[in-house]
Structure formats: structure tokens, C-alpha cells
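Student: Residue numbers (my numbering), protein chains in the order written: chain P, 1 to 350; chain F, 1 to 350; chain H, 1 to 361; chain D, 1 to 361.
All the pointers check out, no bait thrown in.
Heads up, incomplete: computed chain H residues facing chain F, CB under 10 Å, no partners named:
(1) T77
(2) A94
(3) A277
The set of hints was computed from the structure by calculation and includes no laboratory data.
Bear in mind that the values here come from a model prediction, so they are computed numbers and not experimental data.
Glycine included, C-beta positions come from ideal geometry on N, C-alpha and C.
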Amino acid sequence: MTTNPVLAAVDDDAATLTHQQLRELYTLMAAVRHLDSSAVAWQRQGIIPGYAPELGQEAAQVGSGYAVDRTRDFVFPTYREMGVARAMGLDMVGYMSTHKATWHGGMYNPLESRFAPIQAVVAGSVLHAVGWAHGQTLEGHATGETGVAMTYFGDGASSQGDVHEAMNFAAVMKAPVVFFIQNNGWAISVPTERQVAGGSVAARAAGYGIPSLQVDGNDVVAVYEATRSAFAHCRAGNGPVVIEAMTYRRGPHSTADDPGRYRTLEEERLDAGEDPLEQFKQQLLTEGVADEAFFAEAQRLAEEEEEAVRAGIADLGPRPGAEMFSLVFQEPTPALQAQATTWREESEHA
Amino acid sequence: MTTNPVLAAVDDDAATLTHQQLRELYTLMAAVRHLDSSAVAWQRQGIIPGYAPELGQEAAQVGSGYAVDRTRDFVFPTYREMGVARAMGLDMVGYMSTHKATWHGGMYNPLESRFAPIQAVVAGSVLHAVGWAHGQTLEGHATGETGVAMTYFGDGASSQGDVHEAMNFAAVMKAPVVFFIQNNGWAISVPTERQVAGGSVAARAAGYGIPSLQVDGNDVVAVYEATRSAFAHCRAGNGPVVIEAMTYRRGPHSTADDPGRYRTLEEERLDAGEDPLEQFKQQLLTEGVADEAFFAEAQRLAEEEEEAVRAGIADLGPRPGAEMFSLVFQEPTPALQAQATTWREESEHA
Amino acid sequence: MPETITDLRITANSMDTPAAGVEQLSMQQALNRALDEILAENPKTVIFGEDCGRLGGVFRITDGLQAKHGEARVFDTPLAESGILGMSVGLAMAGFHPIPEVQFDGFAYPAINQIVCQIARMNYRSRGTLPMPITLRVPSFGGIRAPEHHGESLEALFAHVPGLKVVSPSNPHDAYHLLKYAATRLDPVIFMEPKSRYWQKGPVDVTTAVPGEATHDGDTSSGGSLTGSRVAREGRHLTLVAWGAMVSRCLQVAELAAEDGIDVEVLDLRWLKPIDAEALAKSVGKTRRAVVVHEAPLTSGLGAEVAQLITQSCFATLKAPVERVTGFDVPYPSGDLEDEYIPNIDRILFGIQRVLEYRRG
Amino acid sequence: MPETITDLRITANSMDTPAAGVEQLSMQQALNRALDEILAENPKTVIFGEDCGRLGGVFRITDGLQAKHGEARVFDTPLAESGILGMSVGLAMAGFHPIPEVQFDGFAYPAINQIVCQIARMNYRSRGTLPMPITLRVPSFGGIRAPEHHGESLEALFAHVPGLKVVSPSNPHDAYHLLKYAATRLDPVIFMEPKSRYWQKGPVDVTTAVPGEATHDGDTSSGGSLTGSRVAREGRHLTLVAWGAMVSRCLQVAELAAEDGIDVEVLDLRWLKPIDAEALAKSVGKTRRAVVVHEAPLTSGLGAEVAQLITQSCFATLKAPVERVTGFDVPYPSGDLEDEYIPNIDRILFGIQRVLEYRRG
Ligand SMILES: Cc1ncc(C[n+]2csc(CCOP(=O)(O)OP(=O)(O)O)c2C)c(N)n1
Ligand SMILES: Cc1ncc(C[n+]2csc(CCOP(=O)(O)OP(=O)(O)O)c2C)c(N)n1
Ligand SMILES: [Mg+2]
Ligand SMILES: [Mg+2]
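Isolated chain P (complex conformation) (with noise of 0.2 Å):
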């Protein structure tokens, strides 16, 4: 559904998926899959001590991940963009690593990974997009090359003041940003309904001048597609575009959650629709583009890949504590050299 004002239609590549490209949208939703149920595992194990699950919003951060050019785009992800993460090639373990509680906002490499560090702060870093977007249009790209920023939050965030400054920010700045909703239909145990005055973040965009899709999350295809023309409309140098992806939190919010507190098991069958994973295979099985051996072959990979991952996680030391203090700063202050200094000396002689 597209809400007025429209999109520029301005898609230099809108070639249809090819039949490589959809196996691949699959083989990543697969791993990540596998990756996200094993992370809930290993909290029950005592391998992390928690982690907020991704199930069910896998074609929604797949699909989206997918279509960034990281090349030049830069993502703004949440505590819960394990897919996106995946799905533009990041370091696993680097990512698993703030689940571990090595480092709050992971050990990967944001600006090598275009992926900024995890934000814990519900809608911290909308603003982040909007001023690194701005800052492609002041470095002064050729028509059509700019990059492009993409921030994810949730129906919860978006009750926030900042994505509202955020969006108003960005249409009158024309910023090329994304903003991407994944609308899971709760924040912790407040359902949309209670949460989203109006019933759609899409809708809000209308208010700012700003085109809006609202997509199927659930459908990996529909949202790569979506994902694209709003890139392409923001290189084109036409300002900011909302997307909000319909989809649905099937885990609990965090390993730490008791849904059964606020919903039943019947309502969560009802609401959650269609299994996104499963949906595609049966899409790519009619359609002729894989066969049960591919699937087959996506599930082993994907078990390898965790067994690295978790592998990784486990080699995961804690990191030396000079690391707190040597870390604040570029230009490090005496006075929190001192520090530094007392808490070696201390620690050496407890």
C-alpha cells in the first residue's frame, strides 16, 4: 500500500530477482534463522546472558539488509537486527559479542561494516541517520550517487519525540534516509494498538511530506522490493521515504520476557501469520527456483555456521580492563590516565 505523497519512480534496477539472488535471500534467511533459535539456546545454556530474538522478522531484515550498497549506504540498527546484520555480511561473532557482554555495541568494525554499533536507547540513533544522510548531500555526490542512510526501530520507538524530530528533520533537510519500521506488533507487552495512535507508522509519514510504504514484512521479496525504490527514490536526491513492514515478534522480547504474562499461545497463533521462512520456501518450491536438496544443503550451512559462531563466542575473553579507560577518549585526559593507573595497581595487588 503507498500513501500519498508517492514515491519518485526512479529505480535504476528494477530488474526482477534472479533466480541466484532469491536462493541467496533464502539461504541467508535460513542462517539466520538457525543462528537466532541457537542464540536463544545458548542463554538457556549460560553461554550469553541474554539475547533479544529476531524470529519471525527474518524476511523483514533480510530483505531490507539485502538491498544496501555497502559501498556507500551506512544501516542504524536497534538490539535487534541480528538479520540485517547477517544479511550485509557482518562479523557474527563480532556482532554476538555485546549478547556475550563483552562490549555494549558489539566488537565488529561499524565503519568498515556500514553497520553501526547496536543501540540499546529505544530510537537513539534515528537522528544518527538523519545527520549522516545529511552528510552525503553536503559532501556534494554526483546526482544518483549519494549514499544512503537506513535506520531501523520498532512500533514502540516510534511513540518516541526524537523519530518524530527525526522525520521532520530529514524532510526538511531532504535527507536521503530510510526509515525503516518493523511494526512486530508489540513493544515488550504493550500491543500496537495501545502504542501507534492511528494504527500505522506509514501513516505518520503523510504529515512530514514524506513518501510511504507499508509492505508485508513477512514476504522477503516485497520488502527487498520496497527497500530498493526507497533507495533508489533517496539517491535520486528526493528526501526521505518510511517504510513500515508488517510483521510480528513471535519470541518473547528478550530472553529475559514471559509473553505468556500478556498474550496466549492461541493469540500468538492467530496474530503472527504466515511462518516468513517457511512462506518463501514453499514461494521458491513452486515456483521451480530451489529444490528440497538446496534446502537442505541452507540448513547445513547454516548449522556450520553457528557451530563457528558459537565456537567464536566461547574463545571470546573478557577484554582487558585498561580497555575502559584507554577507550573513552581520542585525546586521553591525565586525570583519566590516573584512574587507569590506580585500577592496575590495584587490581595487581588485590
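Chains F, H and D with the ligands: place on chain P using the hints.
Tutor: Just chains F, H and D with the ligands now, with coordinates in the frame of chain P:
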């Protein structure tokens, strides 16, 4: 212009304004115009240190303030709502005392006057209106009897995150709030088109499922009628309404401002449109509601009033310094009392 | 490496013979019970925040309250902290006693504008006509290996703001009584709950705020000595000043120091604004040495204020400058480094040693 | 009743024989000139905020910069402080050096979340890969009879936040050099401009940060001693520590005290984070008495930190506890009461007297 969603047609007081009421509106506007220009003069004469004139916004302010039921409604102003205050019958010496630098917020009693303290934080009190309004819902008044909160803010203020949070909260909770925006074209030096993406604050309302009215803010009757229907809508339990009164800040932002730095006199003349006072006068004359004698009398009354307020302001001495300490808490703390004691002793010995 | 906070089993307010009306409750239970009674006692109280209603809060502090008192009295808001606090102002203006929650300390920052510029000033601005009887509950401090922004200590910020009162309980008994006390006040109170202590049980005497064994000589009427600090352990050689989760750690340190013949007094400050300066003077007047302990970063932390208050009143008898053992001037680290950041037993012992070994000149 | 701030004509950095490169400039002119040069020297710098562009800022600090450097480099934003600071983060991530302005101190509160949770932490969170070279200009402190929220002192809050650096100039010369220094740093700096001093003229030596007559013995390379405090007046009997607008007031107090034979040293702290602890130790090590002066409320103000740093280093020789002469623990009052609130000459003199008359026991 009404955008969808639409207001419930529940105006139980649909009678058009009587001639008597129209004349009263004019008298109020004339008083406000004269007091306002006088306050600017007072600042030049050193009687008050500063003032934020509302020149050109008399219709928007008087028309809306006149619709307030002071037995049950509550108004949340900014720093520029002198006309609303006057229309609601505030003690104008108490009101002006904030500009005399006597007391931040003013010396009138906000509870009795149903007019919250003057608010210097742009968008600072918009959420207060929502909380107050939700309080009315919690009180469980009989249907159609609830008090309504009206919050005033500007086109500039509309950019603040708090306004978004307030609209969303109000819509989710169906709180009886009228969001009254005076779009006067400017936020200090920034014109609306560089401030309000999409061009209209009213247009944002639809995104929250809130009905909105965009009215000619220079037409006092139109403003009054829009406000009255909004109140009726709220009072009947239908939730919030957004009103955007299109008007023009004819004067400087404040007595410290120099509009010549950001707009020419020619631009001012072209953009300001009709003078709301003069326009209303012509209307009353044409419709035979009032004659020149009436206007002369209105002017005389305004001058009389200004003299009384000026005298009252001149009489206002500085507040006793002890109030700095005694008005912080309802339940004073020993630590603060000790500071008050030291302050008194040192003042006396100095 | 010293134990983590959750390993500490010492209850700060231990009583040998449980009297009638004394129950063993966790702080979570004590707070939940206090809120239940507050709602029952004052029909103008309302509780709200993110996930406070059906879920009962992520820490279950409001568990069951919506079911019992109804959706009008206990409700979920949209996810916006400025909205929650700004709405509290309006409710207070309409005669309600709001008890909002921000879900974690770090998420008070989006609401700071409403807290500092509105809640703290409305009584003053309105010349006493619009009181702000708001009790803002903030699950606070670190120690639970949580994600970023879930382990912050904002007391120095809050204590600096004119118009706010700030309190932090260290044990279930105080949690119960201080919350009931705060919620009946006419001024805004920031109520900082040490989240790492939520699950530790301790005796709660619901009949009186000052149980028989309390060492404090305040009166025993409801609220009486609740306005001040509490001597959690008496001692002669040195005073450890702490609040929140650091109190139980300091009590453990005191036990260890006692093995070396050092008799440490532990003062549980409780009120972080106004600070009980008299109790500081009395305790350090006796011990002549003091160490302040807090989780927040050192610079411009509340420890500086406490130290200066002590120095001011005890300068003539003080044997050494007051020491501060605090978090470092670094962002709160991830779980793996938490124990390096939060003052641990060794660091507090080193602080004590520095004070004891101090020699002039 | 003592004079208002704007009556004081003493320039903090007076130099007898103006050297080549020395100009008489107001702080407003000095800041404007610094920004002009910063824009010219570093193409990655951008200036923005409310009314910074066409208007040149309500205090005219950015006057003429848009006309000269273009709308891309100097621009107005919509009216939203969180937006301004949040946007700065993104610009910094894209390789820019943002120099945002919040229009008045009190309007930094809506941006605190972005400042504390994002700007101050991004370098740490990203393990040094995303530095935040942001210079946030905040017209600060009171003294101009302004409306509510236009006279706040946020230094204690900022100084407590790990990851921020905080500086405040007291005179045009320092304003020029400190701003140029701050804007070339790789870490976020909160630049607090004493708005009541904007219009006072003083000598600015644009050729060197440390003019010939400076009493400080730092090196004279650009930036050198700019990282520390400055002895604004030498003295033997007592040290007055101050920053921002309070420095000139303290210099005036020193003149008055000299009439009574009391030789006061005035230390202009300049950097409020990190604090120049060495200079404090050196000065008070010599004078053995100290008074800290600030406009912010007393409790948990930066004065507590300064006092504690002094006590820590000078305990053995200190003749009296450090005094604090500060704003009261009340919301900043309206213009009529401003002079009652801001430390005035009499209150500072009383503070000095208390220290001088202090007797142990
Ligand atoms: C500013 C802020 N407030 C509160 C929280 C606590 N919190 C973490 S996630 C969450 C719900 C977010 O919901 P939504 O934006 O829909 O994202 P989802 O979790 O569904 O992916 C809350 C309340 C937070 N992290 N940040
Ligand atoms: C939070 C905040 N930021 C900045 C300011 C400074 N300021 C005062 S009025 C104003 C412009 C407001 O414009 P608008 O909302 O359109 O109201 P108007 O002045 O036109 O009535 C600004 C930037 C403020 N008072 N509060
Ligand atoms: Mg969600
Ligand atoms: Mg305006």
C-alpha cells in the same frame, strides 16, 4: 478546511454568536491590541525588561480563549498568549509581572484563573495538557461534562519531540485535549517552510487518527467557532482535536529581536495579510453590529485598562528574597532552611 | 576477583528475633506491597509507565496491581519517557498523585527536560499553587550484567536539581517504608531502587518504620526517622558512607576489616537530597575518618558533596582527607567488565587503608 | 545592594602594552572571529542550530558566517534540541566536525539524552572507530535578567558525564583561543559561554594563546597551556576558584580584599572537565585557604568536586575547610531576585572571612 478523520458533530451550543458577543469579542481584541503595543512601549521606556508581542494574533487568541469554560476547562499557554489570558479574564498585572521580571510564570493564581503558569520552554507544557486531560477522564465525569485542556503552541514548537509524544498519548488515551497551534509564519528568524515539513501542523493530526481543523487565524469568529466545535468534540468523549490557526507574527519575536535581519518590510506587508482587528471592525460595521461610537468607546476602555495595568506594574516591587527559599517545596527541608538563614543574615550584614 | 553483588547475602537490616508484623520479603515484594497499599489508601494515586500494567513491570514491581486496582489506576503508556513525565505534571495539576516508572535508569535521560524544567519547578513557578506530588520510581545502578544504559547512577544529577528530593533504599524494610513515605509527600521524590538488590530477602516490619533494633535515635512515628540516614553498623575507627546496593557491600567490607581489628561504621545515607548532614557530622565526629562509596563516576559525583559536607563539619578532628571509592570516569562497561568498574571489596579496603595510613606532611 | 554583573568593567586578562596582533574585542566578537577562522581552516566543520544562520544567532555569535561561508556550512535547523544534537552524532560519523549551538543553557535539557547516551559514548561504544569531534556551544549562566530557563549552569551535570570535556572561558582572549582549541579536538567538548560577558571588551592576542604577560608558566605553543587553568591574579593569603562570569567578579572581590590587606589569588579554572587538579594543589598549597565560587546551586555542584580535590591534595597544610559561595538550592529566580541568587561581592567576602577566621576546635 477539515481533514479526515472528522470531528464528531456534537456541538450542543450551535447558536451563532449574538451581536452582544460579537461586540464583546471586538472589545477584547481592542484591549489586547492596545495593551500589547503598550507593553512594547513600556520596554522601550525601561518599565519592563522584555516582552513578546502578539501583534497580529489577536483574533487567534481572543477567539479561542473566548470559547473556554472557566468552570471546568484549563489552558496551557506559552509566553505569547497575552490575548488568551485577557479573553479569559486574568488579572493582567499578575500576567504582566512575568515580563517585569517579578516572578517566572507570573503572579496570577493559575488554579483559579484556569490558566497554567506562563511557560518559557518551547513545547514544554503540551504534555501537561494531556496529563491534565487524562485526569478528567479518570475523574469519571458524566458524559458531556468533562473538562477540556487546551494547549497553545507555535509552528516552531511543533518540531519538538514532546509535541509528537503528546499527540500520540492523547490519541491513544482519547484524552480531551485541544492542541491549538498558532502558525504565525515564524519561529524567531526561521520561516514555517524551513520548520514544518509538509507545510502544515494540522496535516500531522491524521497520522494519529486525530481530527484537525485548519482555520483562518485572523478571523476571530472562525477561530471561535472552530474552538467551540473542538471543545464539544472533546467534551463528548471523542478524544483530542488539533486546530491550526494560520496567522502572522506582525511584530518582532520579542523586544530583543530585530526582524530586519531576516525579513524585509515588503515581505512583512505581503505575508501578513489582513490586520485581524481592522478586518473585524469592517465586518461589524458592514453587518451593522457596531458603529464608530462603539469603536471609540472600545478604544477608550482599552486605554483606561492599559493605564491601570501600567500603574499596577509600576507598583510591583521586587518579591522578598525569602520567597526564593519558601516556594521551592511544599514541605521544606532543613538544608534549604539553613541556606535561607545564611542568606538573610548575610543580606542584613552586607 | 571479588564476588559479584548478587553473591552477597548479608541483609543490611538484620534483626535477630522477628517480631510480630515482621515478614521476610524481597525488595521486589516489599515495593510491590507498598504500592498495593498506597493505591488502596489514596484514591488519587495512579501508577503508569512502560509495561507497568499487564506485565507488572520488567522487574515485577507492579505485579498484579492492574488486576487488583483496575486499568484506570495502573496503566501502560506508549514508549516515551518525556511523555510519561510530562503527563505526570498534568495529572498532578489535576489533583492526582502520579507514581510513574521509567523502566531503567538510563531511560530517565529522555525525560530530564520534563523532570528538571517542569516537575522540579512547577511548585515554585506557580508560587505554591500547583504542587507536584510525584514519586518517580527509577530502577537504578548496576550489578546485573545488563545491556548498555541499564546500569546508570543518576543521583548526582538529580541531587543537583533544586526542587527535587531523592531517596534510595538499601534493603526491603526501608524500601517498603521509604516508598510509602515518598508517595504521601507533597513534593516530587525520585525513588532510586537498587535493582541488583530486588531479589534479596530481608525482614520487613510493616508495623513500624523504625524497628526495635534500629540504632538510630529518631522517633518511631510513621515517617519520623525515615527522613534521615541510618547507621547500618556501628563502629569506632572509620565511617563508610554508602547508599543503594553499595550498603550491603560496605557491610561485608566492615566484616572483613573487623578481622583485622578495624571497627568500621556503615552509614546508609538513604536520602541523597536532602543529605542528612547531621548524621554525617555525628558519625565522622566520632570515627574521625571517612570513605564514601558509590557506583557513579568519580568526578562531580555525589561523593564529592558528601566528602565536602564531612570536611566542612569535621575539619578540626578529621585525621585524613575523606576518600572516595567510586566508579571510574568511564561509561558503564559491559557485563564482563562490570566487576572491574563497580567498587569491589578490595578497592574499598584499599580506600580504608589509605585513610588509616594517612600521615600529614 | 552590590552591582549587577553587567556593571563590572574589569577585564580578566588585562595587558598593559598592547602588543602586535592584540585587538580589543568583545567576547562576542572574539567567538565570532574564532568561528569564522575555524570554518575557513577546516572544510569539515559545520555550524547549525536555531537561528544560527540568517539571524546570526540570538547573541550574534554566528553573525555573518552564513553569508560568508554559505548555507551548507552554516544553517538553521528546525526547533528541536534533541534533533540538533542527534544530528551532530550522525554528521560526526560521516566525518564532519559539527559545531552545534543550543540557544540557551536551559534548552540543553531536551538534548541531554543524545548528549549523555550518544555523543559521550559513541567513541567508547565503537571502540574508537567513531570519534565524536563535536563542539557544543552553550550560552550559559545568568546575570542578564532573562526569562525562565535562560540562566542555567549545567557544568556539574556535564562534568559528571564520562566521555565529555567541558570548558568555559572568562574573557575574550580565552574565548577566542579555547574555542579554536576545542573545535580542533577529536573528542566532544561542551563549550559554556558566559552570556553576561558577551559584550565586555578585552585584549585578544590572536597570534598566541599565552600572551607575554600571562603569569602561567605553560608552554606557548598553540594549545599548550590552553588545556589547563589560568592564574588570573596572584595572591598569597587565599585562593578564589571560579569560572565563566564569576572570574571577573572574583577579581573585583580581590581588589576590595586587598584594601584590607588580604592578598587573594584568583584561579580561573577554565576546564571544568578535566579539572586542572595540579594548579589547584599548587595555588592552595601556597595560600593554604580556598573559596570556590559558582552560580549553580550548592548541592552536588562542581564546587564540591573542586573543594574535595583541594582537600585531597592540600589536607596537611589547609588552614580551614574550603568554603563554597554558590547559587542556592532553588530554581534560578526571575530578574528582580537575580542579584540575591548569584554570588555577589558581599557573599564572596563573607566566604573569605569565614575561611580566614576559621579556628580549629
Ligand atoms: C529510551 C528507552 N526506553 C525504554 C527502553 C526499554 N525497552 C527496551 S526494548 C523496549 C520495547 C521496544 O519496542 P519496539 O520499538 O516495538 O521494538 P521491538 O522490541 O518490538 O523490536 C523497551 C520499552 C529502552 N531500551 N530505551
Ligand atoms: C526548548 C526551547 N528551545 C529554544 C527556545 C528559544 N526560543 C524561544 S521562542 C522560540 C521560537 C518559537 O517559535 P514558535 O513555536 O513558532 O512560537 P512563536 O514565537 O512564533 O510564538 C525559540 C527558539 C525555547 N524557549 N525553548
Ligand atoms: Mg515492536
Ligand atoms: Mg511561530
